[in-house]
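Sequence order for the protein chains is X and D.
Residue numbers for the first sequence follow this note's numbering, beginning at 68 and rising by one.
Residue numbers for the second sequence follow this note's numbering, beginning at 120 and rising by one.
Treat the hints with care, as some may be off.
Between beta-carbon pairs, the in silico distance windows are [to be verified]:
(1) D/Gly149 to X/Gln130: 24 to 30 Å
(2) X/Ile174 to D/Val155: 29 to 35 Å
(3) D/Asp154 to X/Thr185: 41 to 47 Å
(4) X/Asp147 to D/Asp187: 31 to 37 Å
(5) D/Asp154 to X/Ser110: 25 to 31 Å
(6) X/Pro77 to D/Val230: 29 to 35 Å
(7) X/Ser110 to D/Arg134: 19 to 25 Å
Hints in this document: simulated from the structure, not taken from any laboratory.
The beta carbon of each residue, even a glycine, is placed where N, CA and C say it ideally should be.
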Amino acid sequence: MTELGTGPKPTIRLTMPAHLAHTSLVRACLRDSIAFATEEAESRFLLAATEVVVNAIEASIDQCIDAAEVVTTIEGSPPDHVVICDSAGWCSPPVPKEGHLGAGLTIAEALVPLELETGPDGTVVRLGIEPEWL
Amino acid sequence: MTHAIRCEFDPPHRRAAAALTRSLVQHQCGLADADVSTTEALEAAAAEVVDDVLGNECEVVEISLDPDFPGLDLLVSTSGRSFAITGFRAGVVARATFDEIVVGDRDIRLVRRFDDRSRT
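Bound-form chain X, shown alone:
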């Protein structure tokens, strides 16, 4: 996880308890902070980010991590990446059942450039923002 202020890029960082009730706040934060050129670009990115955030929250809940938090960082001005971190260990997605469970990362990868780093201390997902989307 990049420490705030140590990197060259301007950042806005939202830290919240890992609770599904806060998912909408991430969407609001991204919408407030990133000026997408089109509604299609905004919808695409917000859907991908929401899938990743929900995965992060559910992983934290499933692993019963005390005081778990999910951190969403908007990097750059204009923004070029959104990084979503949690402190849960990586779990392979379940085999999709009835076409919806375990498909979050697949959906996000289909919508935006995505890099995944996993480790015992948590999972970091970097979502790229293409310049033409702004």
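Chain D: place on chain X using the hints.
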């Protein structure tokens, strides 16, 4: 504040912070089952107060709130020097809307407790 929702800005930021203040207030009002008129009043008042106290002297470093508070407990931390609510309108709006306003050297805390009249 444990289990807080925090929004940090690096470098300190004013314009994005104003929009995010509104979004955070709206989110907390939703969590606390506030009614529409209370939500709109708190959003507008928080934005008015934050805009007034910031003036041109400082920018926002961090906004945080306690999601477990039965109402709104919002803390706005800034990069600037001492400040106060100077605008007449902002002062009137703030006193009419919040139960508690604590102005510190580099932050302002806005508290509103919800009662039955504030909830849906």
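Tested hints:
1. D/Gly149 to X/Gln130: 24 to 30 Å: About 27 Å separates the Cβ atoms of glycine 149 of chain D and glutamine 130 of chain X, which means 24 to 30 Å holds.
2. X/Ile174 to D/Val155: 29 to 35 Å: holds (33 Å)
3. D/Asp154 to X/Thr185: 41 to 47 Å: Once the Cβ atoms are compared, 43 Å apart, the range 41 to 47 Å for threonine 185 of chain X and aspartate 154 of chain D holds.
4. X/Asp147 to D/Asp187: 31 to 37 Å: The hinted range 31 to 37 Å holds for aspartate 147 of chain X and aspartate 187 of chain D, with Cβ atoms some 35 Å apart.
5. D/Asp154 to X/Ser110: 25 to 31 Å: Cβ of aspartate 154 of chain D to Cβ of serine 110 of chain X: about 29 Å, so the range 25 to 31 Å holds.
6. X/Pro77 to D/Val230: 29 to 35 Å: holds (31 Å)
7. X/Ser110 to D/Arg134: 19 to 25 Å: holds (24 Å)
When the structure is compared with the earlier hints, no violation turns up for any of them.
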